[in-house]
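Enquirer: Below are the chains, spelled out letter by letter.
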Amino acid sequence: MRKGEYLGNFDLMLLLALMRLGDDAYGVTIAQELEEQTGREVVVASVYATLDRLQERGLVASSLGDSTPERGGRAKRYFRITGAGLREVRDARKSLMNL
Amino acid sequence: MTPNHPPAIATWILKHFGCGPNNDVVLGDLAEQYQLNGSALWYWRQVLKAIPVSLFKELRDHAWIAAASVLTGWVLWYLGVITIFSGLTDFFFGMDLGVAFEPSHPIGTAWSILWAPVGFAASSNQPFSYVFAVLLPLIVWAICARMVRGAAGISFDRLEDGNLEGTRLAIRIHANRQKGIVLLFAVSTLLLNLILIGPFIFSFLQNASGTSTAWLYSYVGHLAMHVTASILGILIGGGLLRDRSTVANS
Numbered sequence: 001m002r003k004g005e006y007l008g009n010f011d012l013m014l015l016l017a018l019m020r021l022g023d024d025a026y027g028v029t030i031a032q033e034l035e036e037q038t039g040r041e042v043v044v045a046s047v048y049a050t051l052d053r054l055q056e057r058g059l060v061a062s063s064l065g066d067s068t069p070e071r072g073g074r075a076k077r078y079f080r081i082t083g084a085g086l087r088e089v090r091d092a093r094k095s096l097m098n099l
Numbered sequence: 001m002t003p004n005h006p007p008a009i010a011t012w013i014l015k016h017f018g019c020g021p022n023n024d025v026v027l028g029d030l031a032e033q034y035q036l037n038g039s040a041l042w043y044w045r046q047v048l049k050a051i052p053v054s055l056f057k058e059l060r061d062h063a064w065i066a067a068a069s070v071l072t073g074w075v076l077w078y079l080g081v082i083t084i085f086s087g088l089t090d091f092f093f094g095m096d097l098g099v100a101f102e103p104s105h106p107i108g109t110a111w112s113i114l115w116a117p118v119g120f121a122a123s124s125n126q127p128f129s130y131v132f133a134v135l136l137p138l139i140v141w142a143i144c145a146r147m148v149r150g151a152a153g154i155s156f157d158r159l160e161d162g163n164l165e166g167t168r169l170a171i172r173i174h175a176n177r178q179k180g181i182v183l184l185f186a187v188s189t190l191l192l193n194l195i196l197i198g199p200f201i202f203s204f205l206q207n208a209s210g211t212s213t214a215w216l217y218s219y220v221g222h223l224a225m226h227v228t229a230s231i232l233g234i235l236i237g238g239g240l241l242r243d244r245s246t247v248a249n250s
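Quick mapping for you: the protein sequence lines, in order, are chains Z and L.
With the numbering used here, the residue at position 1 of the first sequence is 1, and numbering never jumps.
With the numbering used here, the residue at position 97 of the second sequence is 97, and numbering never jumps.
It is worth saying that the hints were derived from the structure and are not from the lab.
Check the hints yourself; a few may be wrong.
[Said to hold, decoys possible] Here chain L is said to cover these stretches of chain Z; the calculated rule only asks that three of the stretch's residues, wherever they fall, bring their Cβ under 8 angstroms from a Cβ of chain L: (1) 6 to 15; (2) 57 to 70; (3) 73 to 82; (4) 87 to 95.
[What the hints assert, rightly or not] Keeping only pairs whose Cα atoms sit at most 20 angstroms apart, straight-line, the calculated EDC-like set for lysine to aspartate or glutamate is: (5) L:Lys49 with Z:Glu41; (6) L:Lys49 with Z:Glu5; (7) Z:Lys94 with Z:Glu35; (8) L:Lys15 with Z:Glu70; (9) L:Lys49 with L:Asp61; (10) L:Lys49 with Z:Asp52.
Where is the CB? At the ideal position from N, CA and C, for every residue including glycine.
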C-alpha cells in the first residue's frame with residue numbers, strides 16, 4: 001500500500017466484515033453484515049466498487065464461485081482479506097485507540 | 001424453491017446501463033437478495049444507485065480514455081454536420097444550413113452545431129423535414145457512438161519478447177469500459193441539449209414579436225424528436241441496447 005493512503009470508514013467496515021464472514025464473504029453476505037451492524041441500507045454496487053479498490057491495493061483477494069438458479073445463472077464473487085489487509089486493520093485500530 | 005423473479009424492467013435497465021466487470025455479479029446478488037426480501041422498491045433503489053456508482057468508478061479508472069473517446073464522438077458529429085447535413089441542403093435545396101463555428105459566441109455555436117438539422121427542417125415543414133431532423137441524425141449519432149465505443153475499447157499494450165531486442169505493441173479490446181464511456185457520451189449529449197434549451201427560450205422570448213407561433217411549434221416539435229433520436233441513436237450505435245449477457249435467463 002502506498003504510504004499516506006488512509007483507510008476510509010467504509011473501507012474499514014468492509015475489511016472487518018470480511019474478517020467476520022471468513023469463507024462466506026460475497027456481495028450478499030457482506031451487504032447483509034454491514035446492514036445488520038450499521039442499521040443502514042447498503043448499495044451492493046458500492047460494496048464491489050470499494051472492494052475492487054481494496055484489491056488493487058492488495059488488501060483483499062477475490063475468486064469466482066458457482067452460479068445458481070436463484071442468481072439467474074450468475075456466479076458469485078467471493079472475497080477474502082489478505083495479510084496486508086489484516087495489518088492495515090490492526091494499524092487502523094491502533095491509531096483509533098491512540099486517538 | 002421456485003425462484004421469485006425480480007422486476008423485469010429494473011433488471012433490463014441494470015443489465016444494459018450498468019457498467020464494469022462486476023455488473024453480472026451485482027445482478028446475481030440482487031436477484032438472490034430479492035428472493036429473501038421480495039421488495040420491488042428495494043430492488044429499484046439498488047438498481048438506480050448501482051448505475052451511477054458503477055459509471056463513476058469506470059470513468060474514474062479510465063478518465064483520459066473517456067475524455068478522448070467522448071471528444072472523438074463530438075468531433076465526428078461536427079464533421080457529420082458540416083459534410084452530410086450541409087451537403088444535403090446544398091445539393092437538394094441550394095441553401096446554406098447555417099452552421100457557424102464562432103468561439104466568441106459559444107452558445108450560438110453550440111446551437112448551430114447541435115441543432116443544425118432542426119432549424120432547416122422546421123422551416124421546410126415537409127415530410128422530408130422529419131427524415132432530415134430525426135432519422136438522419138439518429139443514424140449519424142449512431143455512427144458517432146459506434147466510433148466512441150471503438151475508441152473506448154482499444155488500448156495498446158507493450159509486450160516484451162525475450163527472444164528479440166526491444167518490445168512490440170499489441171492491441172487489446174477492453175469491453176468492460178466501453179459501456180461506461182458510451183453512456184457518458186449519451187449523458188453528455190442529453191445534458192448539453194438540456195442546458196441549451198434555457199438560452200434558447202430566453203432568446204425566443206426576447207425576440208418573440210418577430211417569430212411566428214406556427215414556426216415555434218414546428219421548431220420545438222422537431223427539436224424534441226431530434227433530441228430523442230440523438231440519444232436513441234447513441235444507445236443503439238453504442239451497443240447499449242444489445243443483450244451482451246452470456247448467462248441463461250431463468
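Enquirer: If a hint holds in the structure, say so; if it doesn't, say that too.
Expert: These are the hints, each one checked on the structure:
1. 6 to 15: violated (count 0)
2. 57 to 70: holds (count 4)
3. 73 to 82: holds (count 5)
4. 87 to 95: violated (count 0)
5. L:Lys49 with Z:Glu41: Holds, at roughly 12 angstroms.
6. L:Lys49 with Z:Glu5: 27 angstroms, violated
7. Z:Lys94 with Z:Glu35: 25 angstroms, violated
8. L:Lys15 with Z:Glu70: Status holds; Cα separation ~16 angstroms.
9. L:Lys49 with L:Asp61: 19 angstroms, holds
10. L:Lys49 with Z:Asp52: 17 angstroms, holds
Hint compliance for this structure: hints 1, 4, 6 and 7 are not met, and every other hint is.
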